[in-house]
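Reading the sequence shown from the start, the letters are residues 1 to 442 in UniProt numbering.
No lab work stands behind these hints, which were simulated from the structure alone.
Quick caveat, the model's predicted, so the values are computed rather than measured.
Mixed in with the good hints, there may be bad ones.
Derived pair list, reagent style DSSO-like, types lysine-lysine, alpha-carbon separation capped at 30 angstroms [what the hints assert, rightly or not]:
| id | residue 1 | residue 2 |
| --- | --- | --- |
| 1 | K247 | K357 |
| 2 | K244 | K130 |
| 3 | K46 | K156 |
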Amino acid sequence: PMPATKRHNNATPEKANTKRTRASPASDTEAAAKRAKKRVRTLLNKVAERPTDAGRVFVCGTNDFGQLGIEGDEKSRPVPLKTLADVDIVDVICGGLHSFAMTPEGNLYSWGCADEGVLGREGNNEVPAKVDVGDVSFVKVVSGDCINMAITAEGKLYTWGTYRGTEGIFGFSPTLLNQRTPLLYSALAKEIIVDIATGTNHSLALTAEGRIYAWGYGEQGQLGRRVSVRHPKDSLRCDLVGLKNVKLIGAGSYHSLAVTHDNKLYAWGLNNYRQCVDSDENIIPSPTLVSLPESVGTIVSVDAGEHFTLIVNEAGEVFTYGRGDANQLGLSEEVMAPLKVKSEESAFKFIIPVATKVSDLPPVSHVSAGTEFVLIACQNGQGYSWGFNSSNAIGNGSDDDEPVPKLLRGKNLGTNLILRVAAGGQHSVFLTKPAADAPASA
1 PMPATKRHNN
11 ATPEKANTKR
21 TRASPASDTE
31 AAAKRAKKRV
41 RTLLNKVAER
51 PTDAGRVFVC
61 GTNDFGQLGI
71 EGDEKSRPVP
81 LKTLADVDIV
91 DVICGGLHSF
101 AMTPEGNLYS
111 WGCADEGVLG
121 REGNNEVPAK
131 VDVGDVSFVK
141 VVSGDCINMA
151 ITAEGKLYTW
161 GTYRGTEGIF
171 GFSPTLLNQR
181 TPLLYSALAK
191 EIIVDIATGT
201 NHSLALTAEG
211 RIYAWGYGEQ
221 GQLGRRVSVR
231 HPKDSLRCDL
241 VGLKNVKLIG
251 AGSYHSLAVT
261 HDNKLYAWGL
271 NNYRQCVDSD
281 ENIIPSPTLV
291 SLPESVGTIV
301 SVDAGEHFTL
311 IVNEAGEVFT
321 YGRGDANQLG
331 LSEEVMAPLK
341 VKSEESAFKF
351 IIPVATKVSD
361 LPPVSHVSAG
371 TEFVLIACQN
381 GQGYSWGFNS
391 SNAIGNGSDD
401 DEPVPKLLRG
411 KNLGTNLILR
421 VAAGGQHSVF
431 LTKPAADAPA
441 SA
């Protein structure tokens, strides 16, 4: 509450002004100027740019829902997606059981599991086909389990699919169970959305002014606000997260990440493996500062998997922390041994609570965290992967795990350069191009 004196002061001018006279033009313009001033927004962030380097799509991993877009069973090494062989593609995106490829014009192809309208189109789900959005063109797309978001160059947000909860389908909005085609997200129509991130079942949208909106399923604290027990569907309305001056966002399955313009990392949501912060709390309900070693330096991107977090710095180095017992972190046993903290969940599970550098990686250009594995594209065109491999998603030619970064190779991939990577639930999609087409600087 404001102090009484303030309130009293505010009340006096009205009392004094019992006879309203028509304001002079001078004060009119003053009032207009004041109104205009209120409207001026400080734009801290530019809208994410669509990648421009075009290439061909390769896939590997499990194919039980057509998420590879090819015939047959799983592939343990990357193979070309032949139906898109003649289409220029500049970006690839994976959800839990589905995939997207983006053209240089910002059109989308989708394939994989079609539940809840997640592909944004009707028709055969096992072969890539175009998503019809009229003349809308996208610059960035992100996918969760059954939810997708996309933004345009103007910062307009589109979204489709649905959010799931522990009981099954939770809903797309408070009034809609699912949305089967890309829909302009009217609740944020007045905002310029510059970047987007999705967890398994939650969404984050970053504005040009450095604020974050969050919505979706929020039982693990990933929305950064309390979820109403009486009105559970309220979490499907977007609401601001209590953090300002944000420049980067990212999300794990059940936790959220943000980096501010002064290079501080904040995290909130599920923390059962300290994937948010080094604390015994199982849930971090609101944005909390992550204490990082100085060696991390300036952060340029953040991503996360089911129970771990991944940071990329300006030098193209990768740091990881969180759950490590399924080789999620890409760290060698000797690096982890002194850092291990036992998980309370079982004797076999352990945690690395401090962001630790992944060694033996050339500088990276693009990373993607799957549920329990990681894909890397390096600035020199090499691709690496590591992690849990029951689904063949790390593309190493076997179903063995890779504890530390392993170079992606194979007769199909040949000498192709890896431009972009996308890690799904149990599958991976790569954007590649022949080494001969490489830019001269590479």
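Hints broken by the structure, by number, lowest first? Number 2 only.
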